[in-house]
Amino acid sequence: MGKVYKYGDNVDTDVIIPARHLTTGDPKELAKHAMEDIDKDFATTVEEGDVIVAGKNFGTGSSREHAPLALKGAGVAAVIAPTFARIFYRNSFNVGFPILESEEAAEAISAGDNVEVDFRTGLITNKTKNETYQAEPFPEFMSGLIDKGGLVSYVKEKL
Amino acid sequence: MAMTMTQKILAAHSGNDEVKAGQFIEADLDIVLANDITGPVAIKEFVKMGATEVFDKKKVVLVPDHFTPNKDIKAAQQCKELRDFAHDKEVLNYFEVGQMGIEHALLPEKGIVTAGDTVIGADSHTCTYGALGAFATGIGSTDMAAGMARGKAWFKVPEAIQFVLKNKPTKWVSGKDVILHIIGLIGVDGALYKSMEFVGDGIKHLSMDDRFTMANMAIEAGAKNGIFIVDDLTKKYIKEHKNPDLDKEPVFYEPDEDAEYAGTVVIDLSEVRPTVSFPHLPDNTKTIDEVGEVTIDQAVIGSCTNGRLEDMEIAAKILKLGKVKKGLRCIIFPGTQDVYLDCIRLGYAETFVKAGAVLSTPTCGPCLGGHMGILAEHERAVSTTNRNFVGRMGHITSEIYLASPAVAAASALLGKLANPETIKEELAKL
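Residue numbers (the numbering used here), protein chains in the order written: chain A, 20 to 178; chain B, -13 to 416.
Just so you know, these hints were derived from the structure itself, not from any lab. All values derive from a computational prediction rather than experimental measurement. Yeah, the Cβ is synthetic: ideal placement off N, Cα and C, and Gly gets one too. One thing to keep in mind: the hints can contain errors.
[Said to hold, decoys possible] Which chain B residues face chain A? A few, computed with CB under 8 Å, are given here:
{"#": "1", "residue": "M35"}
{"#": "2", "residue": "K60"}
{"#": "3", "residue": "K210"}
{"#": "4", "residue": "G249"}
{"#": "5", "residue": "G356"}
[To be verified] No more than 30 Å apart at the CA atoms, straight line, and that leaves these computed lysine-lysine pairs for BS3-like:
{"#": "6", "chain 1": "A", "residue 1": "K177", "chain 2": "B", "residue 2": "K34"}
{"#": "7", "chain 1": "A", "residue 1": "K91", "chain 2": "A", "residue 2": "K175"}
{"#": "8", "chain 1": "B", "residue 1": "K30", "chain 2": "A", "residue 2": "K177"}
[As the list claims (entries may be wrong)] Label-pair ranges, simulated between beta-carbon atoms:
{"#": "9", "chain 1": "A", "residue 1": "K25", "chain 2": "B", "residue 2": "D275", "range": "36 to 44 Å"}
{"#": "10", "chain 1": "A", "residue 1": "T63", "chain 2": "B", "residue 2": "N2", "range": "30 to 38 Å"}
{"#": "11", "chain 1": "A", "residue 1": "D166", "chain 2": "B", "residue 2": "D242", "range": "34 to 42 Å"}
{"#": "12", "chain 1": "A", "residue 1": "D166", "chain 2": "B", "residue 2": "V344", "range": "48 to 56 Å"}
{"#": "13", "chain 1": "A", "residue 1": "F160", "chain 2": "B", "residue 2": "D74", "range": "29 to 37 Å"}
{"#": "14", "chain 1": "A", "residue 1": "F160", "chain 2": "B", "residue 2": "F238", "range": "29 to 37 Å"}
{"#": "15", "chain 1": "A", "residue 1": "G68", "chain 2": "B", "residue 2": "D218", "range": "54 to 62 Å"}
{"#": "16", "chain 1": "B", "residue 1": "G313", "chain 2": "A", "residue 2": "E67", "range": "46 to 54 Å"}
{"#": "17", "chain 1": "A", "residue 1": "P156", "chain 2": "B", "residue 2": "V237", "range": "32 to 40 Å"}
{"#": "18", "chain 1": "B", "residue 1": "L327", "chain 2": "A", "residue 2": "E159", "range": "49 to 57 Å"}
{"#": "19", "chain 1": "B", "residue 1": "V237", "chain 2": "A", "residue 2": "M20", "range": "28 to 36 Å"}
Go ahead and model the full structure; you've got the sequences and the hints to work with.
Pasting the structure below:
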């Protein structure tokens, strides 16, 4: 369970992790600068298990895998948004960073709420408001990849 | 079943007679690309996967272009990782500083990508190659690593929006204006998860450089890929850029007449105006007639979006009319060494320097706030690049106005957003 940071539509990869910090691929190093261009307090106040709730098209922009890595390194448990930019969606999936698509949750959850996320079932529980929301399930093909341990394990098996 | 152009390419690369939107497939890859930022992360994943060799030494392409020439020690280390890997795995198409270019300007020029290819690149602007009638899409480092190891990637087959281009654009309207206009129309997520398929008679009035610019920015509408139908001009380009070291044969696909589309948008090119994207999203567009007084501190001309020879030619034509406004920095960075050399041969280099502009070696540098033109607090840039996000080019209070090379060059002379159609008259008034 964690507290919610809430942002608007089209949160782009350049604010999730600005390019000036892309001289490392280490999640912990990247985490020090996560979200700094739209929320300078994020990196110093975020705690393990916190959740980001945002508007549509989260992660728009660059292909940098450093974006989900920075959030993962910061201890963020999940991002909940109505839609995600496609490369960010794919990258998050590949690095094992939970993302959930739910318009209802994105609208209903407020900044500071305490939220719990079950990534496997897509169930989002808002402890502050005593509400639950059901996120879109992952397509079967992608769940299959998760069962195989993610893309890295899948490729390892195929080689 | 009727298919879009993208669906046909994906069917052919996945051993299927047909595919439909929403279907998951594994496709064979013709090119797998990474740069000095995404490559090192991919190399780590490649090792984790237990891979020891790349799937095909001719099909993996590594280009150190983002923080090069090395901007600092950390960037130098990343480039070294890429270089050492390329050497160790005997990657044929590794391009060192001095021979390189900005990846998406370089690959078509070198004949590394051709029509009908399926390409993944760990860089979001990989969609540029759709101008050649290829399926090309940006992915992240782990997908790139999997591609290097196996020569395959999984895709969800996209549906498409068809853009029917009609008539001829006016003199100072380029591919950049057309794509900014389209993004303004449909929004930064207007083509989310979809293909943008460009068809119609108007295409014959767009040069290959215009088409590269347009396909390049498909990602700025959220698209998986942008793709142009192939015509004689495409075929001529491919023939002229045939790479003797690669046994590549183009395959020309066209969409089925009865293919299903998620939508159709008709664009009358003759009505498109020079267009500018205001901060801080590419869909925040205004025509040049609506921009008002916006003073500018820096003009940036170049990048994977607008660093090709035609872009340089337009910039030179306008910069020849005067001098860069006092107090303004004009930074020009051609996309490749060949474009740079052509700038020298054709006299554009002299024009740029005489006008008071900087002529830089090819690099992604300023576009992503890497180096070679960072903005200070509250500074404004007009830029021919592709993104105007908060802090993209420097300080978080700085602003980026996306425009064509003609608008950027005209603005460099006037010190404010300017219309290339009337720049001569404006300069005469000074």
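Going through the hints against the structure:
1. Checking M35 of chain B against chain A by beta carbon gives a least distance of about 4 Å; that is within 8 Å, so the hint holds.
2. Satisfaction of the interface hint for K60 of chain B is found here, the shortest Cβ-Cβ separation to chain A being roughly 3 Å, below the 8 Å cut-off.
3. Taking 8 Å as the C-beta cut-off, the interface hint given for K210 of chain B holds, the closest approach to chain A being about 6 Å.
4. For G249 of chain B, the suggested interface contact is broken, since its CB lies about 17 Å from the closest CB of chain A, more than 8 Å.
5. A least Cβ separation of about 6 Å between G356 of chain B and chain A falls short of the 8 Å threshold, and the interface hint therefore holds.
6. Only pairs whose Cα atoms come within 30 Å are accepted, and K177 of chain A paired with K34 of chain B is accepted, the gap being roughly 13 Å.
7. Between K91 of chain A and K175 of chain A the alpha-carbon distance is near 23 Å, which keeps this suggested pair within the 30 Å criterion.
8. For the hint pairing K30 of chain B with K177 of chain A, the CA-to-CA distance comes to about 18 Å; that is within 30 Å, so the pair holds.
9. For K25 of chain A paired with D275 of chain B, a C-beta distance near 38 Å keeps the hint of 36 to 44 Å intact.
10. Under the hint 30 to 38 Å, the C-beta atoms of T63 of chain A and N2 of chain B, about 51 Å apart, miss the expected range.
11. Between D166 of chain A and D242 of chain B the beta carbon distance is about 36 Å. The supplied range of 34 to 42 Å therefore holds.
12. Distance hint check for D166 of chain A and V344 of chain B: the Cβ-Cβ separation is about 54 Å, which falls inside the suggested range of 48 to 56 Å.
13. Take F160 of chain A and D74 of chain B: their Cβ atoms lie about 34 Å apart, and the range 29 to 37 Å holds.
14. One distance hint, 29 to 37 Å for the beta-carbon pair F160 of chain A and F238 of chain B, holds here, with the actual separation near 30 Å.
15. For the pair G68 of chain A and D218 of chain B, the beta carbons lie near 59 Å from each other, so the given range of 54 to 62 Å is met.
16. Hint check: G313 of chain B to E67 of chain A, Cβ distance near 49 Å, so the stated range 46 to 54 Å holds.
17. A C-beta distance of roughly 37 Å is found between P156 of chain A and V237 of chain B, which places it inside the suggested range of 32 to 40 Å.
18. Between L327 of chain B and E159 of chain A the beta carbon distance is about 52 Å. The supplied range of 49 to 57 Å therefore holds.
19. Between V237 of chain B and M20 of chain A, the C-beta spacing of about 53 Å breaks the proposed range 28 to 36 Å.
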